[in-house]
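When you get a sec, could you build the whole thing from the sequences and use the hints?
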Amino acid sequence: MTVRADSISLSTRGMNDTHDVTGEVQRAVADSGVTHGTVTVFCPGSTCGVTTIEFEPGVVGDLGDCLDRIAPRDIPYAHDAAWGDGNGFSHVRSSLVGPSLTVPIVDGALTLGTWQQIVLIDFDNRPRRRRLVVQIMGE
Amino acid sequence: MTVRADSISLSTRGMNDTHDVTGEVQRAVADSGVTHGTVTVFCPGSTCGVTTIEFEPGVVGDLGDCLDRIAPRDIPYAHDAAWGDGNGFSHVRSSLVGPSLTVPIVDGALTLGTWQQIVLIDFDNRPRRRRLVVQIMGE
Amino acid sequence: MTVRADSISLSTRGMNDTHDVTGEVQRAVADSGVTHGTVTVFCPGSTCGVTTIEFEPGVVGDLGDCLDRIAPRDIPYAHDAAWGDGNGFSHVRSSLVGPSLTVPIVDGALTLGTWQQIVLIDFDNRPRRRRLVVQIMGE
Numbered sequence: 002m003t004v005r006a007d008s009i010s011l012s013t014r015g016m017n018d019t020h021d022v023t024g025e026v027q028r029a030v031a032d033s034g035v036t037h038g039t040v041t042v043f044c045p046g047s048t049c050g051v052t053t054i055e056f057e058p059g060v061v062g063d064l065g066d067c068l069d070r071i072a073p074r075d076i077p078y079a080h081d082a083a084w085g086d087g088n089g090f091s092h093v094r095s096s097l098v099g100p101s102l103t104v105p106i107v108d109g110a111l112t113l114g115t116w117q118q119i120v121l122i123d124f125d126n127r128p129r130r131r132r133l134v135v136q137i138m139g140e
Numbered sequence: 002m003t004v005r006a007d008s009i010s011l012s013t014r015g016m017n018d019t020h021d022v023t024g025e026v027q028r029a030v031a032d033s034g035v036t037h038g039t040v041t042v043f044c045p046g047s048t049c050g051v052t053t054i055e056f057e058p059g060v061v062g063d064l065g066d067c068l069d070r071i072a073p074r075d076i077p078y079a080h081d082a083a084w085g086d087g088n089g090f091s092h093v094r095s096s097l098v099g100p101s102l103t104v105p106i107v108d109g110a111l112t113l114g115t116w117q118q119i120v121l122i123d124f125d126n127r128p129r130r131r132r133l134v135v136q137i138m139g140e
Numbered sequence: 002m003t004v005r006a007d008s009i010s011l012s013t014r015g016m017n018d019t020h021d022v023t024g025e026v027q028r029a030v031a032d033s034g035v036t037h038g039t040v041t042v043f044c045p046g047s048t049c050g051v052t053t054i055e056f057e058p059g060v061v062g063d064l065g066d067c068l069d070r071i072a073p074r075d076i077p078y079a080h081d082a083a084w085g086d087g088n089g090f091s092h093v094r095s096s097l098v099g100p101s102l103t104v105p106i107v108d109g110a111l112t113l114g115t116w117q118q119i120v121l122i123d124f125d126n127r128p129r130r131r132r133l134v135v136q137i138m139g140e
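Chains as they are written, first to last, in the numbering used here: chain U, 2 to 140; chain V, 2 to 140; chain D, 2 to 140.
None of these hints come from the bench; they were simulated from the model. Careful, some of the hints might be misleading.
What the hints assert, rightly or not - Distance windows between CB atoms, simulated: (1) U:R74 <-> D:R74: 16 to 26 Å; (2) V:G34 <-> D:D75: 16 to 26 Å; (3) V:R130 <-> D:T115: 21 to 31 Å.
Stated by the list, open to error - Counterexamples of contact, computed for chain V against chain U with all Cβ distances above 10 Å: (4) I9; (5) L11; (6) T13; (7) D32; (8) G34; (9) P58; (10) R74; (11) D81; (12) H92; (13) S95; (14) A110; (15) L111; (16) N126; (17) R127; (18) P128.
Bear in mind the structure is a predicted one, so any value in this text is a computation, not a measurement. Just so you know, even glycine gets a beta-carbon here, dropped at the ideal spot from N, CA and C.
Here it is, written out as structure tokens:
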């Protein structure tokens, strides 16, 4: 069995900034030589999330609008009252969307749909430097 | 170690149509001979999701009602303005719920609770044919 | 390859009661001897969830407030009408947050961020005894 950890570094603007990392994940899988197994894409940090989406500007904005409704920026947060960093809404969105995604690898390919991309969303209220962990397991 | 990919095909009606696939996943695990490991259930596509629920009509409807509140069908979506397929709400729900679920296998059994089933939810606005990937890893 | 199942038992108060289990998961990983792989933390049950959060009382309360908005306790639920246990809101929250989290293990450590903890949230409307499954795979 092979276990291989890779990583993806990227700069984000925060405020729901969404990055398609499918190509980088596919390259990491190809480099690993694993043809059957799983890849786990994980975002270290409590103000970001990983999920899939049809990566086109319309839907990306629509998802952001939904999160703005669910966890608005301009309501009081106990986190902000205690810590003063103004990103309580970012933390809540991160816990809801979640930091982890596991995708099967079959015959050397990710089993994504045609219009389905893997994305990092940065919910923080400021630009950040992020490093995603890409953990590949299989044979 | 064993890595085995199986799949589940099903027809859905869209509009939060929810299918219990626990039995099929259990059969795939039994067929694999894996007694300790994990199974990842993954839905290719950007308008569906995989999660767990107590599979009874009441809760299934309640979850749909919640998603109707969070991502209503009848508000404007940039996706619909650009692509005209009228399923912007479906995409948003899919990204929130997520397409992937990993369940431990211990002593040959899924570690689900008694009232906890694995479900595919189809958020699209029309009937679809879906194929779930069931990736089993372990020994 | 090693596959090792561990578990964490804890008593909860329900009503979004949130428990940091990072230390227990780290101990299970250390005990397993796995230095490269993944750990899946899974909550059996349909009224609880597993995610990550900056575990400080402010954010924990903010996330609970968000779930109170998304799936309020005091609206009618079909589940409650059918079963009378009054925890329809708990089931809906559980399906949204999800019962499973997979975290990479690299060089013997979980790849969590500094301010990112693994939590069980109990959404039920009463105290419960919970047992989390911690499934470690790797080498």
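Here is how each hint holds up against the structure:
no. : hint                          : in the structure
1   : U:R74 <-> D:R74: 16 to 26 Å   : holds (25 Å)
2   : V:G34 <-> D:D75: 16 to 26 Å   : violated (49 Å)
3   : V:R130 <-> D:T115: 21 to 31 Å : violated (45 Å)
4   : I9                            : holds (13 Å)
5   : L11                           : holds (15 Å)
6   : T13                           : holds (14 Å)
7   : D32                           : holds (16 Å)
8   : G34                           : holds (15 Å)
9   : P58                           : holds (26 Å)
10  : R74                           : holds (12 Å)
11  : D81                           : violated (8 Å)
12  : H92                           : violated (5 Å)
13  : S95                           : violated (8 Å)
14  : A110                          : holds (20 Å)
15  : L111                          : holds (16 Å)
16  : N126                          : holds (14 Å)
17  : R127                          : holds (15 Å)
18  : P128                          : holds (17 Å)
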